[in-house]
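Asks: Next come the chains, spelled out residue by residue.
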Amino acid sequence: NAGVTQTPKFQVLKTGQSMTLQCAQDMNHNSMYWYRQDPGMGLRLIYYSASEGTTDKGEVPNGYNVSRLNKREFSLRLESAAPSQTSVYFCASRGQGTEAFFGQGTRLTVV
Amino acid sequence: AQKITQTQPGMFVQEKEAVTLDCTYDTSDPSYGLFWYKQPSSGEMIFLIYQGSYDQQNATEGRYSLNFQKARKSANLVISASQLGDSAMYFCAMRDSSGYALNFGKGTSLLVTP
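These protein sequence lines map, in sequence, to chains A and B.
Using this note's numbering, read the first sequence as starting at 1 and increasing by one per residue.
Using this note's numbering, read the second sequence as starting at 1001 and increasing by one per residue.
Simulated from the structure, these hints should not be mistaken for lab results.
The beta carbon of each residue, even a glycine, is placed where N, CA and C say it ideally should be.
There's no promise every hint is true.
To be verified - Looking from chain A toward chain B, a few residues come up when the C-beta cut is under 8 Å (computed):
1. G40
2. V60
3. Y64
4. Q104
Construct the entire structure; sequences and hints are all you get.
Replies: Shown next, in the form of structure tokens:
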């Protein structure tokens, strides 16, 4: 019962470094999402993918890129990390007419 | 653009009492869906309950019920018979009419006291 798997769980980056957060789901869901969670701000949508081959910007897309590699995988890339991108990142997936299922989160610190 | 508002940053309730967590939304779409999630201190996101904009009845799931007032654009979560394990952050979210984008409110922190 893997559900939504995110890697890594923790990461520390230096300002200017790049990294890719990986996300995979095994529920055959069409839609996938990337959120960031900051204290007092709730979950803010970065990007989403309604289906394989499509991606759309959410509320806070600046500084991020995404790739929907296939139906299972949706990655989030930080090309040049900034301290403002220190956050907890959640990946989620959703099927037609269902709720969203979330990964365990990635705690990213940019120093 | 859609907006989800949770006006209560923090709430207290005594064990075994009922509590209502507020959520208001703003959308011009006739078709939308509303979700509530729980996030305990361990960090995982747990789905609680869903209400579709065309659903005639208020959704219920065990001790959770959704007080859906469409004209007021509110979708308040009611937790009956609170338990200590209900202490957590609670988030309201809305799916837009495209069926894809899912936007969250800022959350309400609930503390259940003995």
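Asks: Each hint should be assessed against the structure and marked as holding or not.
Replies: Hint check:
no., hint, verdict
1, G40, "holds (7 Å)"
2, V60, "violated (11 Å)"
3, Y64, "violated (16 Å)"
4, Q104, "holds (6 Å)"
Violated hints, listed in ascending order, are 2 and 3; each of the other numbered hints is respected by the structure.
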